[in-house]
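Colleague: For reference, the chains in residue letters:
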Amino acid sequence: SAVISQKPSRDICQRGTSLTIQCQVDSQVTMMFWYRQQPGQSLTLIATANQGSEATYESGFVIDKFPISRPNLTFSTLTVSNMSPEDSSIYLCSVEQGVNQPQHFGDGTRLSIL
Amino acid sequence: GNSVTQMEGPVTLSEEAFLTINCTYTATGYPSLFWYVQYPGEGLQLLLKATKADDKGSNKGFEATYRKETTSFHLEKGSVQVSDSAVYFCALRGDSGGSNYKLTFGKGTLLTVNP
Chain A
10 SAVISQKPSR DICQRGTSLT IQCQVDSQVT MMFWYRQQPG QSLTLIATAN
60 QGSEATYESG FVIDKFPISR PNLTFSTLTV SNMSPEDSSI YLCSVEQGVN
110 QPQHFGDGTR LSIL
Chain B
68 GNSVTQMEGP VTLSEEAFLT INCTYTATGY PSLFWYVQYP GEGLQLLLKA
118 TKADDKGSNK GFEATYRKET TSFHLEKGSV QVSDSAVYFC ALRGDSGGSN
168 YKLTFGKGTL LTVNP
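Chains as they are written, first to last, in the numbering used here: chain A, 10 to 123; chain B, 68 to 182.
Quick caveat, the hints were computed from the structure, so don't treat them as lab data. Any given hint might turn out to be false.
No more than 20 Å apart at the CA atoms, straight line, and that leaves these computed lysine to any residue pairs for SDA-like [stated by the list, open to error]: (1) K169(B) / L28(A); (2) K169(B) / S68(A); (3) K169(B) / F75(A).
Same shape as in the complex, but just chain A (with noise of 0.2 Å):
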């Protein structure tokens, strides 16, 4: 399976700024996804990372307050903008490598907003 690489795993923001996350993956993929995951719950999809347009966001998620780019097959970042300490979760993002194959994740970047 493809190896996901995420950057950073942690980090501790101040209320206010903002934060981007790097996801890059070592073979061309036809999706990638980025998920949001609170402490002790499960995994929430936030977008679907499009490559060359914009992501397609789930209920209750918007593009002002996460900002995603997929230049490429490759890479794509998640920005979590004008941050809160409602904000602390694990991000994580995932990967297709063709259609009916399973994602697979990468380690998940751990955010703490002070």
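With the hints as your guide, set chain B onto chain A.
Modeller: Below, chain B alone, put in the same frame as chain A:
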């Protein structure tokens, strides 16, 4: 919409005990089913999968069988080890395009195995 109901945790077992984590689902058509494992401080790893009825997924001594008649995909292992301590997530992906194709996760079950 699709949904996954997973056995509430936490589950605490002694080493070499038998493990079952129940998972049932609601979905139209023929979804694909997955078990993921999350070790402390790490991301999710795919443990096993099944894509059609009566398929059995297996990996690292874990097994799960896709039962369409009972809409279930229970995870089992005959003899757990301390190193199996982790959170286990059952998930499904719908069989058609659009919003139905995305992964839907259960709430996760924390397993602790004591020596």
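Colleague: Now, for every hint given, state plainly whether the structure supports it.
Modeller: Checked hints:
1. Taking the CA atoms of K169(B) and L28(A), the gap is about 26 Å. The hint is violated against a cut of 20 Å.
2. Only pairs whose Cα atoms come within 20 Å are accepted, and K169(B) paired with S68(A) is accepted, the gap being roughly 13 Å.
3. For the given pair, K169(B) sits about 19 Å from F75(A) by alpha-carbon distance, which is consistent with the 20 Å threshold.
Of the numbered hints listed earlier, the single one contradicted by the structure is hint 1.
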